[in-house]
Amino acid sequence: MVTKVTIEDVQAPFIRANVIVFSVGIAVTLFFLFIFFRLSEPIIQELQESEQKYRDVVEGASHLILRVWENGTILFANSYANDLLVQESETLVGQNLSQFLANGEADGVRDILKNMILSQKIRYETEMRLSNGSSKWIAWGARGISKKGQPLEVLCIGSDSTSEHLANAARREVEERFRGIAKASPVGIVITNMAGDLLYANEQMHILTGGSSVNLAGRGWIQRLHPEERSQVLASWFSSSSKQKTRRELRMLSCSGDIFWVLGQIVELKNSTDEVVGNVLTFTDITQIKEAELAKSRLSAAIEQAGEMVIITDMDANITYVNPAFERTTGYKREEVVGQNPRILKSGAQDGAYYDGLWGTVTQGNVWSGRSLNRKKNGQNYTQDFSIGPILDDGGTLIGYVGVARDVSDQLVIEAQLRQSQKLESIGELAAGIAHEINTPTQYVSSNIQFLKDAFVTYSKTIADSHAFVEKVQASAGIESCDWVRDAAASLFDEKELQYLAEDIPQALDESEAGLKRVTEIVRSVKQLAHPGEMHKSYSELNEIVKHAVTVSANEWKYVAEVSFDLDDALPPVYCLIGEIGQVVLNLIINGAHAIEKVKQETGEPGEISIRTYAAGSMVVLEITDTGVGIPDDVAEKIFDPFFTTKEVGKGTGQGLAIAHNVVVNMHGGAIDVITEMGVGTTFVVRLPFEPEDEHGDAPLSRVVESDG
Numbered sequence: 001m002v003t004k005v006t007i008e009d010v011q012a013p014f015i016r017a018n019v020i021v022f023s024v025g026i027a028v029t030l031f032f033l034f035i036f037f038r039l040s041e042p043i044i045q046e047l048q049e050s051e052q053k054y055r056d057v058v059e060g061a062s063h064l065i066l067r068v069w070e071n072g073t074i075l076f077a078n079s080y081a082n083d084l085l086v087q088e089s090e091t092l093v094g095q096n097l098s099q100f101l102a103n104g105e106a107d108g109v110r111d112i113l114k115n116m117i118l119s120q121k122i123r124y125e126t127e128m129r130l131s132n133g134s135s136k137w138i139a140w141g142a143r144g145i146s147k148k149g150q151p152l153e154v155l156c157i158g159s160d161s162t163s164e165h166l167a168n169a170a171r172r173e174v175e176e177r178f179r180g181i182a183k184a185s186p187v188g189i190v191i192t193n194m195a196g197d198l199l200y201a202n203e204q205m206h207i208l209t210g211g212s213s214v215n216l217a218g219r220g221w222i223q224r225l226h227p228e229e230r231s232q233v234l235a236s237w238f239s240s241s242s243k244q245k246t247r248r249e250l251r252m253l254s255c256s257g258d259i260f261w262v263l264g265q266i267v268e269l270k271n272s273t274d275e276v277v278g279n280v281l282t283f284t285d286i287t288q289i290k291e292a293e294l295a296k297s298r299l300s301a302a303i304e305q306a307g308e309m310v311i312i313t314d315m316d317a318n319i320t321y322v323n324p325a326f327e328r329t330t331g332y333k334r335e336e337v338v339g340q341n342p343r344i345l346k347s348g349a350q351d352g353a354y355y356d357g358l359w360g361t362v363t364q365g366n367v368w369s370g371r372s373l374n375r376k377k378n379g380q381n382y383t384q385d386f387s388i389g390p391i392l393d394d395g396g397t398l399i400g401y402v403g404v405a406r407d408v409s410d411q412l413v414i415e416a417q418l419r420q421s422q423k424l425e426s427i428g429e430l431a432a433g434i435a436h437e438i439n440t441p442t443q444y445v446s447s448n449i450q451f452l453k454d455a456f457v458t459y460s461k462t463i464a465d466s467h468a469f470v471e472k473v474q475a476s477a478g479i480e481s482c483d484w485v486r487d488a489a490a491s492l493f494d495e496k497e498l499q500y501l502a503e504d505i506p507q508a509l510d511e512s513e514a515g516l517k518r519v520t521e522i523v524r525s526v527k528q529l530a531h532p533g534e535m536h537k538s539y540s541e542l543n544e545i546v547k548h549a550v551t552v553s554a555n556e557w558k559y560v561a562e563v564s565f566d567l568d569d570a571l572p573p574v575y576c577l578i579g580e581i582g583q584v585v586l587n588l589i590i591n592g593a594h595a596i597e598k599v600k601q602e603t604g605e606p607g608e609i610s611i612r613t614y615a616a617g618s619m620v621v622l623e624i625t626d627t628g629v630g631i632p633d634d635v636a637e638k639i640f641d642p643f644f645t646t647k648e649v650g651k652g653t654g655q656g657l658a659i660a661h662n663v664v665v666n667m668h669g670g671a672i673d674v675i676t677e678m679g680v681g682t683t684f685v686v687r688l689p690f691e692p693e694d695e696h697g698d699a700p701l702s703r704v705v706e707s708d709g
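Just so we're aligned, residue 1 is where the sequence shown starts under our numbering, counting upward by one.
What the hints contain is simulated information worked out from the structure, not anything from laboratory work. A hint or two may mislead.
[What the hints assert, rightly or not] Think about it this way: if two alpha-carbon atoms lie no more than 27 angstroms apart in a straight line, the pair counts; the simulated DSS-like pairs of lysine-lysine are:
id : residue 1 : residue 2
1  : Lys547    : Lys600
2  : Lys333    : Lys346
3  : Lys598    : Lys537
4  : Lys598    : Lys558
Let the sequences and hints guide you as you build the complete structure.
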């Protein structure tokens, strides 16, 4: 049997069961809710009380406490923040924090909050615009609060940091000013702690040591102290018991090992409570000063030990210093002449114009050099070569004068002896040649005289025979046959013999006359060039001096060279010492002959010595050119040095050209130069003034010796 069952019949039991279960569930839930509320009521009350406490703390805090979105919109602000930033009727909630920034930069807040999101914690200081129109600096502390599905909140707590900010700003300004000064300072600056560890070193300290911060870090700067002074400096500056924290000169080492001098000084570094927390050291580079002091010391020692006299005067020419050489030479002690005028040394040999020229030169800032005859303390005269010039300060202002003098009295005697010795040497060298030159004409004069003597015997016999013939003719008067007379006459008057005598006797007489003239010429030239002991200058013909020198030296050159002349006949007379200038020309001709001789030994061909004179302005120029071997450049630089010679032993002492230079330059105010080319030849160029030199300049030897007399 089929029973009809409907859906309702099926669902009815389930519905009844569900109702029962639901009812039971609600009852259980209500029971548990009752139990929960009964149990949580004190907790909730406690939480509410705790929240109120925290709210009271937040509202009563003297800090700005804000909750803001990440875009800066304010969600919560405590009373202190509201009172500080907005009017009483306003609230911060809903406003953006950037509105209250003094600079008004909204992006600044977003950047700060963004950085906070990344770091989860940030502290930032901003200047906030207050409700009363003023501003304060607020130091913010902030922390992000993350909520899922909601924008990020930021908890911001700010405190008034205006005083601290201004103090920090002032401190930073002072620090920047210090750093600026320290950077620009020419003094090395080091700041250390109490142990001496480096805290700071300025740029100049790096420049002084040539190192970087790495080289100076820690106690590295101490390694820059010179090893010989390091321990002493450290003990003096960093010892707790040391009382010598003062300046001192010391040596330091650069990183490259160079030694330099500094003036070091240390002072204590104190904090605001006057507590010593470190040291400040300064290092001033005094290397140049020390080098100048050393140079000054050396110069002072050199001046004190110098053989030359040194005199320093003030602007009024009063002596302020003399060295020991001055005392030795003049006999005056330093204390006797300091404050005196140098005129105490005057001998009277120089006139007023001489000194006018001297002071006129030096007062214009120029150096004057010359020679004078002075008088010692004991009244004895001495000759000095001296120079005097201005002393200028760093600004170029004249502050005094300095003179350097050398006693040349003994030198003048030696020079005179050397000149005489060299002259005797030259005469000795020429003696054989002169003897040969004189011997040749005297030989044929002697031969011709012998011939004339023999001819005279012949003529005497002829005359005697003629007398006998005449007597016989007279005795044979009246005899018609006179053949014997014709024979005798033919024998007596031999035509060949008479012709021989008629031709040779005049020739012998001419040769004898020429020989005697040659001898006379040589003797005259020797006499002209000799001038022994000559002390006075006179106007002389340079061309004649040249010709005489060529004549006397003929035996030196005639076998190796020809001599050619290009002499200016219109040349004015030269004011000179004839003998001394003749000696110069003689030496140059002989030197040329010796140079050509070396070439002739190789080529067999004779050379040439050409001599030229001409006028050039106020000077007469003498050029003597040879076609010899030439002079090397390194030798040409020394040829006028005393005792320097390139000739073999026995062919010169090396004094010839040195004396020639002294005669031309020092005694005549002229010049002598050499132009040479190896393998071509050499030209010596001598320049002499026509007129006497300025009496207020350098005095020649002759004038000084004359004055001394």
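Here's how the hints hold up against the structure:
1. Lys547 with Lys600: Within the cut-off at roughly 24 angstroms; holds.
2. Lys333 with Lys346: holds, 17 angstroms
3. Lys598 with Lys537: Roughly 37 angstroms separates the two Cα atoms, so the pair is violated.
4. Lys598 with Lys558: holds, 14 angstroms
The structure shown violates just one earlier hint, number 3.
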